[in-house]
Amino acid sequence: MTDLSLSNKAIAGKTAPPSEARALRLPTQWIGVAPFFIFAVMFLILPTLYLMLGAFQNEAGEFTLENIAALSEPNIVAAYWISIKVSLASALIGAFAGLAIAIAIVRGGLPDWIRSATLTFSGVASNFAGVPLAFAFLATLGRLGLATVLLNTLFGLNIYAHGFNILSFWGLTLTYVYFQIPLMVVIIVPAIDGLKKEWGEAAATLGATTAQYWRMVVIPVIWPSFLGTVILLFANAFGAIATAYALTGSSLNIVPILLYAQIRGDVLHNAHLGYAIAFGMIVITGLANVFYIWFRTRSERWLK
Amino acid sequence: MKTGRFWAWVVFVLGAAYFFIPLIATVEFSMRMRRGAYSFDAYQIVLGDARFQATFMYSVFAAIFTIILGILIVVPAAYWIRLRLPQLRPIVEFITLLPLVIPAIVIVFGYIRMYGSNSPLPFLANDTATNALLVIGYATLSLPYMYRAVDTGLRTIDVRTLTEAAQILGAGWGTIISRVILPNVLIAVLSGAFLTFAIVIGEFTMASLLNRPAFGPYLQNIGANRAYEPAALAIIAFAITWGCMSLIQILSRFAPKSANRPN
Numbered sequence: 233m234t235d236l237s238l239s240n241k242a243i244a245g246k247t248a249p250p251s252e253a254r255a256l257r258l259p260t261q262w263i264g265v266a267p268f269f270i271f272a273v274m275f276l277i278l279p280t281l282y283l284m285l286g287a288f289q290n291e292a293g294e295f296t297l298e299n300i301a302a303l304s305e306p307n308i309v310a311a312y313w314i315s316i317k318v319s320l321a322s323a324l325i326g327a328f329a330g331l332a333i334a335i336a337i338v339r340g341g342l343p344d345w346i347r348s349a350t351l352t353f354s355g356v357a358s359n360f361a362g363v364p365l366a367f368a369f370l371a372t373l374g375r376l377g378l379a380t381v382l383l384n385t386l387f388g389l390n391i392y393a394h395g396f397n398i399l400s401f402w403g404l405t406l407t408y409v410y411f412q413i414p415l416m417v418v419i420i421v422p423a424i425d426g427l428k429k430e431w432g433e434a435a436a437t438l439g440a441t442t443a444q445y446w447r448m449v450v451i452p453v454i455w456p457s458f459l460g461t462v463i464l465l466f467a468n469a470f471g472a473i474a475t476a477y478a479l480t481g482s483s484l485n486i487v488p489i490l491l492y493a494q495i496r497g498d499v500l501h502n503a504h505l506g507y508a509i510a511f512g513m514i515v516i517t518g519l520a521n522v523f524y525i526w527f528r529t530r531s532e533r534w535l536k
Numbered sequence: 003m004k005t006g007r008f009w010a011w012v013v014f015v016l017g018a019a020y021f022f023i024p025l026i027a028t029v030e031f032s033m034r035m036r037r038g039a040y041s042f043d044a045y046q047i048v049l050g051d052a053r054f055q056a057t058f059m060y061s062v063f064a065a066i067f068t069i070i071l072g073i074l075i076v077v078p079a080a081y082w083i084r085l086r087l088p089q090l091r092p093i094v095e096f097i098t099l100l101p102l103v104i105p106a107i108v109i110v111f112g113y114i115r116m117y118g119s120n121s122p123l124p125f126l127a128n129d130t131a132t133n134a135l136l137v138i139g140y141a142t143l144s145l146p147y148m149y150r151a152v153d154t155g156l157r158t159i160d161v162r163t164l165t166e167a168a169q170i171l172g173a174g175w176g177t178i179i180s181r182v183i184l185p186n187v188l189i190a191v192l193s194g195a196f197l198t199f200a201i202v203i204g205e206f207t208m209a210s211l212l213n214r215p216a217f218g219p220y221l222q223n224i225g226a227n228r229a230y231e232p233a234a235l236a237i238i239a240f241a242i243t244w245g246c247m248s249l250i251q252i253l254s255r256f257a258p259k260s261a262n263r264p265n
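Heads up: the sequence lines are chains H and Z, in that order.
Count the first sequence with our numbering and you get residues 233 to 536, in order.
Count the second sequence with our numbering and you get residues 3 to 265, in order.
Simulated from the structure, these hints should not be mistaken for lab results.
Misleading hints may appear alongside valid ones.
[To be verified] In silico contact screen, one side only, chain Z against chain H (beta carbon under 7 angstroms); selected entries:
1. Phe14
2. Ala19
3. Ile75
4. Tyr113
5. Gly204
6. Ala241
7. Gly245
These numbers were taken from a predicted model, which means no experiment stands behind them.
Cβ coordinates follow ideal geometry from the N, Cα and C atoms, glycine included.
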């Protein structure tokens, strides 16, 4: 690296004054990244900014806070609330179950093939979302699903008579967990692998019990990655629509489905209210990611 | 340690049950179409459906164009940042993570409002342009995965030495990227490509809101109107996802583990 830049400088020094050479080189410096930045600005940043600005404008293009205020309408608040509840519940369940599975396969003394099989399967299942996932759960826990029927015939337990419904909060949460757990496993296994053997040995030398080792070494080290991943799972569920839409149609009024209906048919009869809903979604996932990055940097101090 | 292993088995078996029961149930459900006997009727009907074939091929082509577009955008940028502009890395990494922050439905909503028929860039004015916009949207969605894959691939080769060697032999930038760098990170690029394929093939939100005849909206439509076919489609979709992930795993065995000289 040094050789090249030195010789470049030497050549540049001979042919032109340094400042001029710099000015000449600038455009070519940027040419490699230009397509990327043009693409990102046109198709990622500008469309998002357009909506965010639109959230603060009325039909005439004047500045207003009315759209943001209109987010407090009961049906919109209800939509945000149920979205947050589903995302949080599925993130927490997915995170704890995923952590348990990750610890079991990394530290549990299970055969090696289980670890690699679980990781492979997690890679597949974390990407198995959307409409097909909804079909799978309808076939399992729908009114005629295998699990529903078997529970009824084998144990006489009619889950639908007990208030369960796949088209409900718990049904959706249970479905989301199907991609949340594997995502947790994929992300957290490297963190658990990063626990150095020496730490366990050091703890043992100092007379720590297994419980103390876990409580005072493992949990504090894994904690930031764990919390960070919980937040990532939350954002992951919060923006998802396909699974919920295929599963429940519009019977469960989560925010992405409300926004979908608004884009399709202006159900709220106010185009700029749609912008405000999108703005609210970005604020929530954006905040979540700020925390994620914060936890991530904390965890990287320990895990290399 | 004994009890630890016992609990590990308990956790594993419970997890396996949660993940396999829906798959088994879906297979079982998909074969229930004929009364009183298991059959593959649902699969036959689905695979023979002209709309299945048309929408599936549409999504396959969308995925291929998405992958090409993704490579054209990501490979030169990732290469150039490693070679010349390392100070831009945090900005580019931040941008590539944005699609994970901004939900797809918001991105496509922005497209619809910004590139409508009356805008200076009317992507929604005709079918070809809307198809292009869908591919662009998919490329945006796959940006985090594509960039990550390519950057990891570049880390394992000595970008600077390869570039200098190519320059000494008289290669221009186009030649360097297409005939020196790309072949060296091909495995990484292909990993990103298969992941992109898995994401794009059944994507619903963007295709549906842009009114494209893609596989995702077709799946949704069948789900709303049929009983047994959706289960068969779920199994087919799972097999496709599985196939893509297996290919990535197989490819990763061929990937170089580390560079001779880290950059």
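Status of the hints after comparison with the structure:
1. Phe14: 5 angstroms, holds
2. Ala19: Because about 10 angstroms separates Z:Ala19 from the closest Cβ in chain H, which is outside the 7 angstroms limit, the hint is violated.
3. Ile75: 5 angstroms, holds
4. Tyr113: Hint on Z:Tyr113: holds, closest Cβ of chain H at ~6 angstroms, below 7 angstroms.
5. Gly204: 5 angstroms, holds
6. Ala241: 10 angstroms, violated
7. Gly245: At 9 angstroms from the nearest chain H Cβ, Z:Gly245 fails the 7 angstroms test, so the hint is violated.
In terms of the numbered hints stated before, the structure departs from hints 2, 6 and 7, listed from lowest to highest.
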